[in-house]
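Going down the list, the sequences are from chains L and X. Heads up, the working numbering is the position in the first sequence plus 1, with the first residue counted as 1. Heads up, the working numbering is the position in the second sequence plus 1, with the first residue counted as 1.
It is worth saying that the hints were derived from the structure and are not from the lab. Incorrect hints may appear among the rest.
Copies of the same chain look alike in the list, so a pair counts if it works inside one copy or between any two.
[To be verified] The calculated lysine to aspartate or glutamate pairs, modelled on DMTMM-like cross-linking and capped at a C-alpha distance of 25 Å, are:
| # | residue 1 | residue 2 |
| --- | --- | --- |
| 1 | LYS90 | ASP133 |
| 2 | LYS18 | ASP123 |
| 3 | LYS107 | GLU60 |
| 4 | LYS107 | GLU124 |
| 5 | LYS107 | GLU97 |
| 6 | LYS107 | GLU94 |
| 7 | LYS90 | GLU124 |
| 8 | LYS90 | GLU10 |
| 9 | LYS90 | ASP76 |
| 10 | LYS107 | GLU129 |
| 11 | LYS107 | GLU66 |
| 12 | LYS18 | GLU46 |
| 13 | LYS90 | GLU4 |
| 14 | LYS18 | GLU38 |
| 15 | LYS107 | ASP123 |
| 16 | LYS107 | GLU38 |
| 17 | LYS90 | ASP79 |
| 18 | LYS90 | GLU64 |
| 19 | LYS18 | GLU115 |
| 20 | LYS90 | GLU115 |
| 21 | LYS18 | ASP133 |
| 22 | LYS18 | GLU66 |
| 23 | LYS107 | ASP133 |
Protein chains: 2
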Amino acid sequence: MHEQLAIGEAARASGVKVPTIRYYEQIGLLPSPPRSEGNRRLYGEGDIRRLAFIRHARELGFEIEAIRTLVSLQDDPDQPCAAADALAKQHLETVEQRIRSLTALKGELEAMVEGCRHGRIDECRVIEVLADHGQCRHAHH
Amino acid sequence: MHEQLAIGEAARASGVKVPTIRYYEQIGLLPSPPRSEGNRRLYGEGDIRRLAFIRHARELGFEIEAIRTLVSLQDDPDQPCAAADALAKQHLETVEQRIRSLTALKGELEAMVEGCRHGRIDECRVIEVLADHGQCRHAHH
DNA sequence: CTACATCCTCTAGCGGCTAGAGGAGCAAGC
DNA sequence: GCTTGCTCCTCTAGCCGCTAGAGGATGTAG
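Could you build the full structure based on these sequences and the hints that come with them?
Given below as C-alpha cells:
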C-alpha cells in the first residue's frame, strides 16, 4: 500500500520531472492534488497514470493544447473517439510535413558538404551556397 | 543608385522582417547601421547581402550561434574552410537524427490511427496507446 | 541534535522571434 | 500650411515548454 506518493516519487514513477509536474499543475493540465500536513503534494495512482499518459503524448510530439483535449477525452469514455482520431491524424500530417521539409534540407546540406573542396573560405561551397540563394534548389515552404 | 535603404526596404530586399532585423542588431548578429538625420537606420548593399545570408542559413535550420560563426568566417576569406565544413556536417547530422526520430513517431502515429475502430473512447486505440506505453514499440531517445 | 534530502514558493531565463503601446518623422494631396 | 496616413523609433511583454536558481520550511536517519 503506497497510496499517496510525494512529488519526487511521482516523478520517478511517471518519468516526468519534478518541476515539470509542478508546471503541469500550474497550467491546469494536472489537477492540484491534496496536500499533507506539512503542505506537500500527495499523488495517487490515477495521477501517476495521467502523468505517464501526458509524458507519452509529449514524446509523440503532441502539443500541450492537444494533450489537454486528449486527457479530457480519456476522462469521458462514452464519447465517440472521432475527436481523438482526428487529433492523431492531424498530428500525423504535421509530422509528415516536417519530415518532408527536413529531408529537403538534408539534400541541400549534403550538396554543400560534398561540394566543399576544403580550400579557403573564398572558394568554399558551404559559404557560397549560403550567400547566394540562387545556387541551390531550395523549394520554398 | 539606391545606396541607402530604410529598414522596410531592406526587409523587402532581404526577405527578413523588420522587427527581426532590429532583433538581429540587438543580439549583435548584424552591425548597427548608420542613422539618418531623423534617426532612421540606413542599410547598404553589404547589409542586405548579410541579411540574405542569415535568412538562408536560418531556412536551412542553422542556429543563431552557428550563423554567428558562419558570418565571421565569411568575413575572413583567407581562412581554410574546414570550420564552415565542420559546422555544415554537424548540422547535417542533427537533421538526420531528427528525421530518424520523426520517422519513428510517424510509424507509431500510423499504427494508432489505423488501429482506431471509430467506436467509443473506452475502446479507442489512440487513447489506449497513449495511456499504456507498453503497447507500442517506442524506441527511446 | 545535526546533517542532509526533499519539499515549498517565487522569479527569471532559454531560443528566436512576434505583437503592441505610445510617440516622432516624412511625403503627398488639398 | 495642414491633414492624412504611412513608416519609423523605443520599450516592454508574450509565445512554448520547460529549466534553473534563490531562499526557506519540513522530514528522516544516524
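Now the hints, each set against the structure:
no. : hint            : result
1   : LYS90 / ASP133  : between (38 Å within a copy, 19 Å between copies)
2   : LYS18 / ASP123  : neither (48 Å within a copy, 28 Å between copies)
3   : LYS107 / GLU60  : both (23 Å within a copy, 12 Å between copies)
4   : LYS107 / GLU124 : within (22 Å within a copy, 40 Å between copies)
5   : LYS107 / GLU97  : both (15 Å within a copy, 7 Å between copies)
6   : LYS107 / GLU94  : both (20 Å within a copy, 9 Å between copies)
7   : LYS90 / GLU124  : between (46 Å within a copy, 17 Å between copies)
8   : LYS90 / GLU10   : neither (34 Å within a copy, 41 Å between copies)
9   : LYS90 / ASP76   : within (20 Å within a copy, 47 Å between copies)
10  : LYS107 / GLU129 : within (17 Å within a copy, 35 Å between copies)
11  : LYS107 / GLU66  : between (30 Å within a copy, 20 Å between copies)
12  : LYS18 / GLU46   : within (17 Å within a copy, 50 Å between copies)
13  : LYS90 / GLU4    : neither (37 Å within a copy, 51 Å between copies)
14  : LYS18 / GLU38   : within (23 Å within a copy, 55 Å between copies)
15  : LYS107 / ASP123 : within (23 Å within a copy, 41 Å between copies)
16  : LYS107 / GLU38  : neither (56 Å within a copy, 46 Å between copies)
17  : LYS90 / ASP79   : within (21 Å within a copy, 52 Å between copies)
18  : LYS90 / GLU64   : within (14 Å within a copy, 30 Å between copies)
19  : LYS18 / GLU115  : neither (42 Å within a copy, 32 Å between copies)
20  : LYS90 / GLU115  : between (37 Å within a copy, 10 Å between copies)
21  : LYS18 / ASP133  : between (45 Å within a copy, 19 Å between copies)
22  : LYS18 / GLU66   : within (20 Å within a copy, 28 Å between copies)
23  : LYS107 / ASP133 : within (18 Å within a copy, 34 Å between copies)
Hints 2, 8, 13, 16, 19, counting from the list given before, are not met by this structure.
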